[in-house]
Amino acid sequence: MKHENSNGDVRIGFYICHCGANIAGTVDCPAVAAYAAKLPGVVVSRDYKYMCSDPGQELIQQDIREHRLSRVVVASCSPLLHEQTFRNACAAGGLNPFYFQMVNVREHDSWVHTDRAEATAKAKALAHAAIRRVRFHRALETAKVRIHPDVLVVGGGIAGIHAALTLGNAGKQVYLVEREPSIGGHMAKFDKTFPTLDCAACILTPKMSAVRSHQNITLWTCSEVVKVEGYVGNYTVTVKRKPRYVNEELCVGCQECIKACVFKEGKFPDEFNVGLSKRKPIYIPFPQAVPQVVLIDPERCIQVKTGRCKQTCLEACADRHAIDFTQKEQLVEIKVGNIIVATGFKLFDAKRIPQYGYGLYPNVVTSIELERLVTSSGPTAGDIVLRDGRTPKSVGFILCVGSRDLKTNRWCSRTCCMHSMKLAQLVREHTDADVTVFYMDIRAPGKGCEEFYDKSLKEGIQFVRGRVAEVTDWALAPEEEGKLVIRVEDTLAGFVRRIPVDMIVLAVGMEPQADAQEVRRLFNMSCGSEGWFLEKHPKLAPVSTFTDGVFIAGCCQGPKDIPDSIAQAGAAAAEALALIDKGYIEQEPNTAYIEEADCSGCKSCIPLCPYTAIAFDEAKQKATINAALCKGCGTCVAACPSGSIRQNLFEDEEIFSEIEGVLSYA
Amino acid sequence: MPKPKIAFYWCASCGGCEEAVVDLAEDILGVVEAVDIVFWPVAMDFKKKDVEAMPDQSIVATLLNGAIRTSEQEEMAHLLRRKSQFLIAYGACAQLGGIPSLANQFSREQLLRYVYEETPTMVNDAKTRPQSTFQNNGHTVTLPEFRNVVRALDQVVGVDYYIPGCPPTPKITKAAVGALLEGKLPPKGGVLAPDIALCDQCPRKATKPTNVSFTEFKRPHTTHLDPGKCFLTQSVVCMGPATRGGCEAVCTRGNMPCSGCFGPTSRVRDQGAKMLSSLCANVASKDEGGISGILSGIPDPVGTFYRYGLAKSLLRRKVDLPTDGDRAKS
Amino acid sequence: MPDPNWQPRIVAFFCNWCTYTAADLAGVSRLKYAPNVRVIRLMCSGRVDPQFILDALARGADGVLIGGCHIGDCHYVEGNLKTLRRFQMLKRLLHDLGIEDQRVRLEWISASEGERVKMVINEMVEQVRTLGPLNLPKRFADWDREMTSLEESIREKEREEAEVVHA
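Residue numbers (this note's numbering), protein chains in the order written: chain A, 1 to 666; chain B, 1 to 330; chain C, 1 to 167.
Check before you lean on any hint, since a few could be wrong.
Unchecked claim - Pairs of lysine-lysine residues, derived as DSSO-like cross-links and limited to a Cα-Cα distance of at most 27 angstroms, are as follows:
(1) B/K229 with B/K171
(2) A/K407 with A/K393
(3) C/K118 with A/K407
(4) C/K157 with B/K48
(5) A/K620 with B/K205
(6) B/K171 with A/K620
(7) B/K286 with B/K318
(8) B/K286 with C/K91
(9) A/K189 with A/K346
(10) B/K318 with C/K138
(11) C/K157 with B/K5
(12) A/K305 with A/K240
(13) B/K47 with C/K157
(14) A/K539 with A/K447
(15) B/K49 with C/K157
(16) A/K38 with C/K118
(17) C/K32 with A/K539
(18) B/K218 with C/K91
(19) B/K171 with B/K5
(20) B/K318 with C/K91
(21) A/K49 with C/K32
(22) B/K286 with A/K227
(23) A/K620 with B/K286
(24) A/K207 with A/K346
(25) C/K118 with A/K539
(26) A/K207 with A/K189
(27) A/K267 with A/K189
Just so you know, these hints were derived from the structure itself, not from any lab.
Given only the sequences and the hints, what does the whole structure look like? Please build it.
Structure below.
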């Protein structure tokens with residue numbers, strides 16, 4: 001008999017969980033248990049306060065032994081939450097764990113309905129479906145899949161750096177892939193960090209260098225992941241390595257070539273200084289860049305573009321021969337077991353709120369532009385100056401630019417209040433300008449942050465509560481001449497004010513990366529409606545995704561500050577380590593299989609499998625499924641025109657019996 | 001020892017199944033030798049009364065072909081059921097409803113109106129329709145009731161075995177009769193044909209590559225059919241993958257695609273749904289417009305996927321048709 | 001006259017990764033929606049065999065809802081595309097067999113769209129309510145009623161004959 005027990009004598013135990021009042025508050029649990037008790041095959045039917053508790057699980061085990069149960073059905077929460085718990089309980093009771101079926105009467109019933117009679121009727125129908133279904137269950141074994149110990153970290157911002165170092169320090173081989181020519185991300189552009197005002201470079205640079213010199217970390221900059229195949233433990237990843245026209249192994253970062261470039265002065269906007277300075281076609285992104293290697297911008301370099309340059313850089317590089325105009329884009333394939341995605345965020349484009357005058361008035365700047373101005377290594381060597389070189393006498397900060405705004409982004413970017421206060425303090429430190437912060441609410445919940453707010457107040461920074469309506473240079477009073485005027489309703493004072501300042505700083509919020517959707521598809525992740533990568537569970541699995549072996553860390557998951565990004569990176573690294581150290585993962589045995597005698601060899605199923613798990617056996621003239629490659633979607637099962645493909649855990653009989661069950665109206 | 005008694009009966013069908021029996025050719029002599037044909041209206045002169053007179057279960061097997069459309073056919077099905085040890089649904093119409101069950105897309109009124117009033121060849125100014133009773137010169141003349149629904153045999157009476165096909169091939173007929181005479185029948189309820197789809201024995205099987213996807217669908221009359229290549233490879237719908245084998249691929253050997261007359265395998269509840277599933281999943285396009293464009297190459301899904309099996313499909317019939325037999329409604 | 005207490009019966013097939021998770025999220029968020037839908041979990045909408053939909057209708061569902069990941073987001077690359085292709089043809093077939101369009105619905109609902117689960121279910125329940133019961137089991141019984149008088153007369157005759165034999 002192919003399918004033992006398919007309709008034979010089964011002894012079913014049914015349990016419905018009260019989940020305190022979560023289920024019992026809306027569903028009449030004893031009534032459901034009484035209903036189930038009368039269904040064919042049910043020998044034990046109980047309701048219990050907390051089935052997932054130890055005594056609840058013990059109850060199942062005891063019943064399996066005492067009542068010789070051959071099937072168990074638990075009606076409680078979502079199977080995505082506790083299916084494994086109850087399977088384990090069945091196994092502990094001596095029953096194959098796949099003789100278990102779960103009924104979701106909480107998320108799909110008690111929590112979403114209010115009428116007790118209707119919710120109870122639904123619970124009965126769902127229970128009936130599971131009781132009918134479980135009869136057809138078969139004993140199955142889980143397959144163990146080996147976990148490749150290497151890890152891919154995507155994104156070399158602070159989150160990616162920390163994750164890579166944590167894994168590298170644990171002795172794991174890590175590939176760190178960064179799209180830009182240097183790692184460091186947004187943090188590398190910061191002068192100081194809130195609320196401690198410690199120097200960003202001082203804490204970041206050592207970590208960046210550690211990545212460069214770490215024997216377990218392979219760092220690929222100017223590189224992007226272009227293809228991901230496989231599954232947890234066994235990913236094959238293709239990385240596109242773009243040419244930098246400089247051999248990383250040979251370049252020592254002396255920068256003689258930059259001096260020698262035919263462009264005598266920087267001519268092109270410097271990305272690192274957000275366009276506040278100019279660079280040459282051959283450049284190093286910033287002094288502490290890792291790797292300490294120059295690169296050539298192919299869009300700007302005369303030699304790359306036209307092949308007709310004097311190539312003075314080559315001469316300067318002399319016998320090191322690091323410059324290589326023949327470099328081509330390369331595709332490299334690597335095998336890893338786990339992937340940590342830390343692809344970060346992009347800043348809100350302030351031009352999208354035209355009434356704030358960014359791009360129109362030269363002295364309206366963004367917070368990151370001011371950040372570069374206050375940095376001693378920045379374009380002004382730390383001088384905060386207006387575009388005409390004067391030092392501002394008054395500076396206004398506008399908060400929530402592209403955050404908490406129905407017209408742009410609804411979310412709070414979480415860091416701008418603190419970031420702006422930090423910059424405000426630095427402005428006070430560097431100049432004697434008056435500083436006014438225009439805010440809706442000050443959000444300072446982090447450790448030491450409220451104290452930082454107090455400090456800002458004590459240092460004489462003015463806070464005006466109100467969303468700024470407009471920035472204008474239309475002076476209505478003599479003191480407004482030559483200034484930018486902020487028009488705002490001061491909601492604490494209760495009237496509309498006009499406040500003239502020399503410089504306006506827009507605290508731009510965070511947004512998902514422009515290519516977040518493509519990246520999400522690449523790694524088979526989900527995005528929330530805002531476009532941030534979706535964690536598997538907001539509380540219980542904050543760095544996991546719906547794809548096993550793919551974890552997320554940092555701002556790609558949502559706006560957060562540096563400590564939170566690092567905490568997530570550490571958590572993601574730990575999740576990967578847990579899998580690596582276990583060495584294998586048990587796979588849900590929901591694979592499809594072909595009944596050889598039944599298959600006519602029509603080949604309809606073969607092109608449907610995205611994992612090429614189905615092959616045609618020429619000798620037997622039949623299709624065969626490689627269980628190791630099958631991921632259990634069941635598409636081929638639904639498509640087999642002669643019903644010859646079956647799926648473990650989702651057999652046709654199981655689903656037909658469920659259909660019959662859910663349509664039973666007791 | 002008396003020879004086992006066998007009966008043949010013909011309900012709503014084209015008569016091809018009767019031909020199929022005759023198609024046994026000289027082998028029919030062996031059958032006639034081995035059995036005693038007690039009822040075969042198409043070939044021999046028996047009356048209903050003769051059957052009624054037989055003791056119950058005295059016929060070893062009745063091979064009944066045709067769907068059940070009229071009250072007379074129903075009555076005969078009941079009668080033969082009672083008189084036979086084995087009632088065998090012979091052919092696609094008895095097994096699945098067959099081509100006649102495509103009429104389940106229309107109400108009785110629609111059918112009668114069309115046939116007796118609207119067909120181009122009909123002249124019937126008085127709009128006369130067949131009636132179940134009619135008075136003429138003091139005599140009552142009756143006709144069987146024309147039912148609202150076409151049914152497969154097992155939707156009227158219990159059936160022991162099914163011999164599929166439109167019509168069943170001589171080979172499977174002979175095999176079934178042989179099994180019957182030798183008492184080597186499988187468990188009741190089975191179809192007396194291999195439980196594997198047609199491709200298994202189709203001579204074109206090897207010509208189908210493993211990556212066929214559809215960018216269009218062609219119909220046999222609109223294209224030149226390659227005599228050697230798998231029809232699906234030629235973008236022509238062939239029901240072979242969803243259809244029980246056993247016919248020895250007579251149609252595909254004759255350069256016509258399978259249209260599904262042997263019905264589904266035992267593992268399938270609805271042949272049409274399964275073929276639809278397999279065929280459509282392999283459509284090449286990835287956008288809604290492109291998909292519907294390709295699928296428009298199959299203009300009549302019911303006629304394509306349920307050509308022989310509408311009565312035994314999960315929905316059985318166009319579901320919003322009237323059920324009360326009221327002629328006033330359409 | 002339709003029964004005033006009649007409530008639409010809708011069977012749903014939700015994929016494990018997107019729509020089932022979204023329905024869980026609707027629960028966690030304590031959104032309230034109509035209790036008429038009973039969900040059957042499959043790993044992928046690609047597992048939805050058209051037979052399941054027909055079987056649900058034949059067994060008394062007034063509507064069938066299929067939920068999968070948005071196109072491009074399938075956990076199994078393109079399972080939902082295969083569903084979409086089948087669904088287009090199935091809709092035509094159902095239309096030809098007299099099943100109203102709104103009774104069978106395919107929706108892409110991602111794991112984060114709990115609100116959409118509520119919206120789709122409430123909307124569909126109302127649409128099906130407007131259409132009224134499909135109740136195929138009852139229709140099947142109605143269709144077969146035309147055979148009952150004959151069956152009864154045959155049974156009656158058999159009884160009479162049996163009495164004659166016993167007498």
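task: Provide an ascending list of the numbers of those earlier hints which the structure does not satisfy.
output: Those not satisfied are hints 2, 7, 16, 23.
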